[in-house]
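2 protein chains.
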Amino acid sequence: MNRLADEFLVKTAPNPDLWLSSVDALMLDLVKDQEQSKNTISSLAHEAAAYHLQLGGHRIRARLALAACASLGVNETNAIALAAAVELLHNASLVHDDLQDEDLIRRGSKAVWAQFGSNVAICTGDLMLSAAYAAIAQTQCYALIPELLKQMHAKVSYAIKGQCSDLLLDSKTLNLKTYEDIAFSKSGALLSLPIELALIAGGKKEWITQARQAADDFAVAYQIYDDIEDFEKDSSGDCIHHANILLVLQSDPSGMNSYQAALDLGLLKLEQATNACNHLPMNSGYLLAELAQKLSHQLKATTPISSDIARQ
Amino acid sequence: MNRLADEFLVKTAPNPDLWLSSVDALMLDLVKDQEQSKNTISSLAHEAAAYHLQLGGHRIRARLALAACASLGVNETNAIALAAAVELLHNASLVHDDLQDEDLIRRGSKAVWAQFGSNVAICTGDLMLSAAYAAIAQTQCYALIPELLKQMHAKVSYAIKGQCSDLLLDSKTLNLKTYEDIAFSKSGALLSLPIELALIAGGKKEWITQARQAADDFAVAYQIYDDIEDFEKDSSGDCIHHANILLVLQSDPSGMNSYQAALDLGLLKLEQATNACNHLPMNSGYLLAELAQKLSHQLKATTPISSDIARQ
Numbered sequence: 001m002n003r004l005a006d007e008f009l010v011k012t013a014p015n016p017d018l019w020l021s022s023v024d025a026l027m028l029d030l031v032k033d034q035e036q037s038k039n040t041i042s043s044l045a046h047e048a049a050a051y052h053l054q055l056g057g058h059r060i061r062a063r064l065a066l067a068a069c070a071s072l073g074v075n076e077t078n079a080i081a082l083a084a085a086v087e088l089l090h091n092a093s094l095v096h097d098d099l100q101d102e103d104l105i106r107r108g109s110k111a112v113w114a115q116f117g118s119n120v121a122i123c124t125g126d127l128m129l130s131a132a133y134a135a136i137a138q139t140q141c142y143a144l145i146p147e148l149l150k151q152m153h154a155k156v157s158y159a160i161k162g163q164c165s166d167l168l169l170d171s172k173t174l175n176l177k178t179y180e181d182i183a184f185s186k187s188g189a190l191l192s193l194p195i196e197l198a199l200i201a202g203g204k205k206e207w208i209t210q211a212r213q214a215a216d217d218f219a220v221a222y223q224i225y226d227d228i229e230d231f232e233k234d235s236s237g238d239c240i241h242h243a244n245i246l247l248v249l250q251s252d253p254s255g256m257n258s259y260q261a262a263l264d265l266g267l268l269k270l271e272q273a274t275n276a277c278n279h280l281p282m283n284s285g286y287l288l289a290e291l292a293q294k295l296s297h298q299l300k301a302t303t304p305i306s307s308d309i310a311r312q
Numbered sequence: 001m002n003r004l005a006d007e008f009l010v011k012t013a014p015n016p017d018l019w020l021s022s023v024d025a026l027m028l029d030l031v032k033d034q035e036q037s038k039n040t041i042s043s044l045a046h047e048a049a050a051y052h053l054q055l056g057g058h059r060i061r062a063r064l065a066l067a068a069c070a071s072l073g074v075n076e077t078n079a080i081a082l083a084a085a086v087e088l089l090h091n092a093s094l095v096h097d098d099l100q101d102e103d104l105i106r107r108g109s110k111a112v113w114a115q116f117g118s119n120v121a122i123c124t125g126d127l128m129l130s131a132a133y134a135a136i137a138q139t140q141c142y143a144l145i146p147e148l149l150k151q152m153h154a155k156v157s158y159a160i161k162g163q164c165s166d167l168l169l170d171s172k173t174l175n176l177k178t179y180e181d182i183a184f185s186k187s188g189a190l191l192s193l194p195i196e197l198a199l200i201a202g203g204k205k206e207w208i209t210q211a212r213q214a215a216d217d218f219a220v221a222y223q224i225y226d227d228i229e230d231f232e233k234d235s236s237g238d239c240i241h242h243a244n245i246l247l248v249l250q251s252d253p254s255g256m257n258s259y260q261a262a263l264d265l266g267l268l269k270l271e272q273a274t275n276a277c278n279h280l281p282m283n284s285g286y287l288l289a290e291l292a293q294k295l296s297h298q299l300k301a302t303t304p305i306s307s308d309i310a311r312q
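So the protein lines, in turn, are chains A and B.
Position 109, counted from 1, in the first sequence is what UniProt numbering calls 109; the numbers after and before it change by one each time, with no gaps.
Position 247, counted from 1, in the second sequence is what UniProt numbering calls 247; the numbers after and before it change by one each time, with no gaps.
All the pointers check out, no bait thrown in.
To be clear about the criterion: a stretch of chain A counts as covered by chain B if any three or more of its residues have a C-beta under 8 Å from a C-beta of chain B, and this derived list gives those stretches: (1) 133-147; (2) 151-165; (3) 172-182.
Hint data in this document are derived by calculation from the structure and do not stem from the laboratory.
Bear in mind that the values here come from a model prediction, so they are computed numbers and not experimental data.
Cβ coordinates follow ideal geometry from the N, Cα and C atoms, glycine included.
Construct all of the structure, not just a fragment, from the sequences and the given hints.
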């Protein structure tokens, strides 16, 4: 397809954010108790899943899928199904992560495990993970479904690897390579998946590696931003298992300023992510490029941490 | 199809147990860490999933799927994929159930949570649940995949409802109707699914309700058998949340012998299950009918518990 056709398609693409309410409706429908009339028992897991989804959130992964689908000419029904699938996967992981990390608060309210108990939280995450795959049944591209399923499982498997590594981390021996590998798997996997599924549905799967590159770089930069913001908490000793980039870079023997090094690395990653996004076909990575731009500003606006403080 | 053709097909069907080793190989492949070469971090969840699968088990659900597929003329590739899907779902539920119930031993070895820790067990169950859906990507019946996915999610959702109810049960107010509803959802759902998926793949989905009826009745009978065997443990007070049928029937004001009543109910359910199986098309329920027959003998061979003891 030539450049002109590309631009025509992009300009006439619908505003994908208009589809977001349909994504939310589909997600809620997929975690509903379908056996209510036939069975006397009640299910707290179904209630907890609806509770969690209704806490809101930015729906970044759903929006990445919708934006890429709209750019690639994937139709509304398919776009909504793919967006619901990735957003359900992400939220399933949040429900289980909060339990594992003992994080009490999610989106300003009690996390599922804190509100409903640990056992219900396990069931709730399971329900949402299963619902994510059921969302794929709503797509109309039958011949592509096997590929969509395989890609989803590959990313879930990779994200689980990241979560496990993060939970079992020995922060004393952590180096930059492992730090990046954890960010790739724990965050990059489910940030890349929305664009990857859209590329498969749009018949452009040869670009998957490029999408993954963009999401991986973005994920590392996001983790760096998060670490700079959380530095005080992470270095206080309350959070011994957490690997903060400033603590990782402190172990560098060159004695460089770890805040400046982290900032430079984050900005470099975002530049790389933006480049990779801009090379994706039919502008399908435009939303991730926008998010990278925004994160770049946020990174630059962080309060510098002096070497002395970072070395405490 | 006339009766003769039915019998011809059944007699020439392959021995489905010969496919079991391929099911095991597929399951192990689907929980393998595919990112090993690209990523320095290791994943205990993948190791734990292989550990759990290699503990063995009867593979009842895989065998039910294989038997039904062979009877219905579903080809080997599809049969193996469907069998792996249901067996992975069942094993995912075991990994999470053992953690929730704090059961230390599974198949004579340490349960995953006892061997690898609670957090890894959560990740392991998630990995296996995701792998179950990835197994569906191995089928060759593309147009039927949406229906297979929907049916899987419906049963996972129902099984989760059963697990939640069981965990949160108030055994004091439990009646026979709720007891049966929990058995339907907690056990019946994943016993019915193998035959249901085979019926969908074999183009006979109009028989799904019949398959469900058979599996539900079998599930209640199995639960009754289990309860009679476990009566001493369940009534000792160590297990206050467990709803044993003998304790449920004790609350019946007629003062009948609860062991005899449980036995009669179990045998009736097995008779109903066998009848329902025998009406399934192309003898696709033959293995469940055989299991019902076997369970009937086991039930009759249980040691009677006198009313006095059951009323302690």
